[in-house]
Amino acid sequence: MNYTVLGKGPHAVRVRFRPGGVELRVHGSLISGNQDMARALRWVLNHREASADDIAELGESVTLEDICRLLTDLAPHGVPLSAWGNWWSRECARRAEVVQ
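In the UniProt record's numbering, the protein residues as written are 1 to 100.
Keep in mind that a hint or two might mislead.
[Unchecked claim] Below, in silico cross-link-like pairs of lysine to any residue (SDA-like), each with a Cα-Cα straight-line distance of 20 Å or less: (1) Lys8 / Glu57; (2) Lys8 / Leu64; (3) Lys8 / Leu81; (4) Lys8 / His27; (5) Lys8 / Gly28; (6) Lys8 / Asn34; (7) Lys8 / Ser89; (8) Lys8 / Glu97; (9) Lys8 / Gln35.
[Claimed, not checked] Label-pair distances were calculated between CB atoms; the ranges are: (10) Arg48 / Ala96: 16 to 22 Å; (11) Gly9 / Thr63: 21 to 27 Å; (12) Trp43 / Pro76: 31 to 37 Å; (13) Pro10 / Ala56: 34 to 40 Å; (14) Arg14 / Ala96: 35 to 41 Å; (15) Ser82 / Gly28: 29 to 35 Å; (16) Ala96 / Val62: 17 to 23 Å; (17) Tyr3 / Glu97: 29 to 35 Å; (18) Asp36 / Thr4: 29 to 35 Å; (19) Asn86 / Thr63: 31 to 37 Å; (20) Val5 / Thr72: 28 to 34 Å; (21) Gln35 / His77: 18 to 24 Å; (22) His27 / Val98: 15 to 21 Å.
What the hints contain is simulated information worked out from the structure, not anything from laboratory work. In this text, a Cβ means the ideal position worked out from N, Cα and C, and glycines have one as well.
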């Protein structure tokens, strides 16, 4: 099984893309996601330190807000924003503050 590992030790997040979607393993739990979630997470992993030019690649089907909402929603399940890289951690935390 080919997993992308984010972090180290018992708090590491293991991400595996499957034909029907994605699965994340964290703290002994399994989080399954559909193809839309897989597409968004694959993009995030390929753009760990995103820039304005990278964000423009998203097009209209998926927005930066959609991705930040997804990453923020995973946090209570043991996948911290920091697992996705510094840029995503800062950007999504900033957007969450604006919403509150």
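Now for the hints, and whether the structure bears them out:
A threshold of 20 Å between alpha carbons decides the hint, and for Lys8 with Glu57 the separation of about 30 Å lies outside it, so the pair is violated. Pair hint Lys8 plus Leu64 does not hold up; C-alpha atoms about 27 Å apart against a cutoff of 20 Å. The suggested pairing of Lys8 with Leu81 holds, with an alpha-carbon distance near 15 Å, which does not exceed 20 Å. Restraint check for Lys8 and His27: satisfied, since their Cα atoms lie roughly 12 Å apart, inside the 20 Å limit.
For the hint linking Lys8 to Gly28, the alpha-carbon distance of about 14 Å falls within 20 Å, and the restraint holds. Restraint check: the Cα-Cα separation between Lys8 and Asn34 comes to about 26 Å, which exceeds 20 Å; the hinted pair is violated. Proximity of Lys8 to Ser89 is assessed by CA-CA distance (about 17 Å); at most 20 Å being required, the pair is judged to hold. With a CA separation close to 28 Å, the supplied pair Lys8 and Glu97 exceeds the 20 Å bound.
The straight-line distance between the Cα atoms of Lys8 and Gln35 is roughly 26 Å, outside the 20 Å bound, and the hint therefore fails. Between Arg48 and Ala96 the beta carbons are some 19 Å apart, a value that agrees with the proposed interval 16 to 22 Å. Hint check: Gly9 to Thr63, Cβ distance near 33 Å, so the stated range 21 to 27 Å is violated. Distance hint check for Trp43 and Pro76: the Cβ-Cβ separation is about 22 Å, which falls outside the suggested range of 31 to 37 Å.
Range check, Pro10 to Ala56: Cβ separation about 38 Å, and the 34 to 40 Å hint holds. For Arg14 paired with Ala96, a C-beta distance near 25 Å fails the hint of 35 to 41 Å. At about 20 Å, the beta-carbon gap between Ser82 and Gly28 misses the expected band of 29 to 35 Å. The supplied range of 17 to 23 Å is met by Ala96 and Val62, whose beta-carbon atoms lie about 18 Å from each other.
Separated by about 32 Å at the C-beta atoms, Tyr3 and Glu97 satisfy the suggested range of 29 to 35 Å. Between Asp36 and Thr4 the CB atoms are about 18 Å apart, so this pair departs from the stated range of 29 to 35 Å. Take Asn86 and Thr63: their Cβ atoms lie about 21 Å apart, and the range 31 to 37 Å is violated. Checked against the given bound of 28 to 34 Å, the beta carbons of Val5 and Thr72, roughly 21 Å apart, lie outside it.
In this structure the hint that Gln35 and His77 lie 18 to 24 Å apart at CB holds, the actual value being about 19 Å. Hint check: His27 to Val98, Cβ distance near 29 Å, so the stated range 15 to 21 Å is violated.
The earlier numbered hints that this structure contradicts are 1, 2, 6, 8, 9, 11, 12, 14, 15, 18, 19, 20 and 22.
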